[in-house]
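With the sequences and hints as input, model every part of the structure.
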Amino acid sequence: ETGVTQSPTHLIKTRGQQVTLRCSSQSGHNTVSWYQQALGQGPQFIFQYYREEENGRGNFPPRFSGLQFPNYSSELNVNALELDDSALYLCASSSTPLRATDTQYFGPGTRLTVL
Amino acid sequence: AQKVTQAQTEISVVEKEDVTLDCVYETRDTTYYLFWYKQPPSGELVFLIRRNSFDEQNEISGRYSWNFQKSTSSFNFTITASQVVDSAVYFCALSDVKSSNTGKLIFGQGTTLQVKP
Numbered sequence: 001e002t003g004v005t006q007s008p009t010h011l012i013k014t015r016g017q018q019v020t021l022r023c024s025s026q027s028g029h030n031t032v033s034w035y036q037q038a039l040g041q042g043p044q045f046i047f048q049y050y051r052e053e054e055n056g057r058g059n060f061p062p063r064f065s066g067l068q069f070p071n072y073s074s075e076l077n078v079n080a081l082e083l084d085d086s087a088l089y090l091c092a093s094s095s096t097p098l099r100a101t102d103t104q105y106f107g108p109g110t111r112l113t114v115l
Numbered sequence: 116a117q118k119v120t121q122a123q124t125e126i127s128v129v130e131k132e133d134v135t136l137d138c139v140y141e142t143r144d145t146t147y148y149l150f151w152y153k154q155p156p157s158g159e160l161v162f163l164i165r166r167n168s169f170d171e172q173n174e175i176s177g178r179y180s181w182n183f184q185k186s187t188s189s190f191n192f193t194i195t196a197s198q199v200v201d202s203a204v205y206f207c208a209l210s211d212v213k214s215s216n217t218g219k220l221i222f223g224q225g226t227t228l229q230v231k232p
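Sequence order for the protein chains is L and D.
So the first sequence is numbered by the working numbering: it starts at 1 and just counts up by one.
So the second sequence is numbered by the working numbering: it starts at 116 and just counts up by one.
Calculated from the structure, these hints are not laboratory results.
Hints may be right or wrong, so weigh each one.
Pulled from the structure, derived: some chain L residues nowhere near chain D, Cβ distances all over 10 Å [to be verified]:
#	residue
1	R22
2	P62
3	R63
4	S65
5	N79
6	A80
7	D85
The following residues of chain D were derived to be distant from chain L, with all beta-carbon distances above 12 Å [claimed, not checked]:
#	residue
8	E132
9	D133
10	E141
11	Q172
12	R178
13	W181
14	T187
15	T193
16	T195
17	V199
18	T217
19	V230
20	K231
Computed beta-carbon distance windows for the label pairs [said to hold, decoys possible]:
#	chain 1	residue 1	chain 2	residue 2	range
21	L	Q41	D	V199	24 to 30 Å
22	L	N79	D	P156	29 to 35 Å
23	D	T195	L	A80	47 to 53 Å
24	D	G177	L	F69	35 to 41 Å
25	L	N79	D	E174	39 to 45 Å
26	D	E132	L	L39	42 to 48 Å
27	D	V161	L	I12	23 to 29 Å
28	D	K131	L	Q41	28 to 34 Å
29	D	E132	L	T113	33 to 39 Å
30	D	N182	L	N71	38 to 44 Å
31	D	R165	L	E54	22 to 28 Å
32	L	T103	D	T135	22 to 28 Å
The beta carbon of each residue, even a glycine, is placed where N, CA and C say it ideally should be.
Structure (structure tokens):
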């Protein structure tokens with residue numbers, strides 16, 4: 001069974017640029033969630049994708065957007081990068097989106113640094 | 116309001132000591148789920164356990180055990196005979212009916228555990 005994978009591992013961007021992060025879900029999972037984890041903090045929910053549509057969203061501005069593809073992989077796009085966007089971005093996959101019973105399994109994350 | 120509080124920011128123990136990580140949660144829902152994740156220095160969140168609000172039985176898995184008490188809204192995690200490999204940041208998380216409709220897990224701030232040899 002293949003776990004959740006993310007790319008790239010590390011990324012350095014400058015303020016105002018745009019970035020795309022990628023995630024492949026665990027085998028058999030059709031739902032992907034994205035989280036932002038600032039240094040020393042717990043992960044914060046950005047949004048979730050199911051059947052190629054955004055299923056739920058946390059308190060993040062519209063410049064954070066995403067996509068899900070037919071193979072359930074997903075992208076997180078961030079436009080007009082700000083210094084505060086520097087964080088570890090975690091992707092999690094699960095088998096269904098709407099039940100609290102389901103466990104989200106996380107990937108290794110992408111470390112984004114904005115200069 | 117939904118909230119998870121991990122009051123212990125950092126804990127340091129010597130190998131073979133037992134250690135308990137505290138987690139207190141807030142939710143208005145009667146149906147909810149609680150989770151513990153481990154985050155080693157590599158960054159990946161590793162799933163440890165999920166419990167539902169209707170099952171207050173304590174659970175033991177090897178050196179790990181969990182104590183769920185609805186009366187005090189706590190879901191504490193104990194590592195028995197700690198090892199250096201247990202050194203990591205541990206997160207408690209909540210998913211209730213409201214948050215589950217968006218797929219949202221609500222995390223605490225995390226507790227950094229350092230186990231010294």
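Hint by hint, here is what the structure shows:
1. Under the 10 Å C-beta cut-off, the non-interface status given to R22(L) relative to chain D holds; the minimum distance is some 16 Å.
2. Distance check on P62(L): its Cβ is at least 16 Å (rounded) from any Cβ of chain D, clearing the 10 Å threshold; non-interface status holds.
3. With 10 Å as the threshold on Cβ separation, the claim that R63(L) sits away from chain D holds: the shortest Cβ distance comes to roughly 19 Å.
4. Every CB of chain D lies more than 10 Å from the CB of S65(L), the least distance being 16 Å, so the non-interface label holds.
5. Against chain D, the non-interface label of N79(L) holds: every CB pair exceeds 10 Å, the least being about 22 Å.
6. No Cβ of chain D approaches the Cβ of A80(L) within 10 Å, the least distance being about 24 Å, so the stated non-interface status holds.
7. In this structure D85(L) is separated from chain D by more than 10 Å, as the shortest Cβ-Cβ distance comes to about 17 Å.
8. For E132(D), the requirement that its beta carbon stay farther than 12 Å from each beta carbon of chain L is met, with the minimum near 25 Å.
9. Against the 12 Å criterion, D133(D) stays outside the reach of chain L, whose nearest CB is about 25 Å from its own CB.
10. No beta-carbon of chain L is positioned within 12 Å of the beta-carbon of E141(D); the least distance is around 15 Å.
11. Every CB of chain L lies more than 12 Å from the CB of Q172(D), the least distance being 17 Å, so the non-interface label holds.
12. With a least CB separation of 21 Å from chain L, R178(D) remains clear of the 12 Å interface cut-off, as annotated.
13. Every Cβ of chain L is farther than 12 Å from the Cβ of W181(D); the closest lies at roughly 15 Å, confirming the non-interface assignment.
14. T187(D), annotated as away from the interface, keeps every beta carbon of chain L farther than 12 Å; the closest lies near 21 Å.
15. Distance check for T193(D) against chain L: the nearest CB is about 21 Å away, which clears 12 Å, and the non-interface claim stands.
16. At roughly 24 Å, the least C-beta separation between T195(D) and chain L is larger than 12 Å, which holds for a residue marked as non-interface.
17. Against the 12 Å criterion, V199(D) stays outside the reach of chain L, whose nearest CB is about 21 Å from its own CB.
18. With a cut of 12 Å on Cβ distances, T217(D) falls inside the contact zone with chain L, its closest approach being about 2 Å.
19. At the 12 Å boundary, the C-beta of V230(D) stays outside the reach of chain L, the nearest C-beta of that chain being 20 Å off.
20. Non-interface status of K231(D) relative to chain L is upheld: no Cβ of that chain comes within 12 Å, the nearest being about 21 Å off.
21. Judged by the Cβ atoms, the range 24 to 30 Å given for Q41(L) and V199(D) holds: they are separated by roughly 25 Å.
22. Checked against the given bound of 29 to 35 Å, the beta carbons of N79(L) and P156(D), roughly 31 Å apart, stay inside it.
23. Between T195(D) and A80(L) the beta carbon distance is about 49 Å. The supplied range of 47 to 53 Å therefore holds.
24. Judged by the Cβ atoms, the range 35 to 41 Å given for G177(D) and F69(L) holds: they are separated by roughly 38 Å.
25. Against the hinted window of 39 to 45 Å, the Cβ-Cβ separation of N79(L) and E174(D) comes to about 44 Å, which satisfies the hint.
26. The beta-carbon spacing between E132(D) and L39(L), approximately 28 Å, falls outside the hinted interval of 42 to 48 Å.
27. Against the hinted window of 23 to 29 Å, the Cβ-Cβ separation of V161(D) and I12(L) comes to about 27 Å, which satisfies the hint.
28. Separated by about 31 Å at the C-beta atoms, K131(D) and Q41(L) satisfy the suggested range of 28 to 34 Å.
29. Checked against the given bound of 33 to 39 Å, the beta carbons of E132(D) and T113(L), roughly 37 Å apart, stay inside it.
30. Distance hint check: the CB atoms of N182(D) and N71(L) are about 41 Å apart, consistent with the given range 38 to 44 Å.
31. Between R165(D) and E54(L), the C-beta spacing of about 25 Å keeps the proposed range 22 to 28 Å intact.
32. Between T103(L) and T135(D) the C-beta distance comes to about 23 Å, which sits within the given range of 22 to 28 Å.
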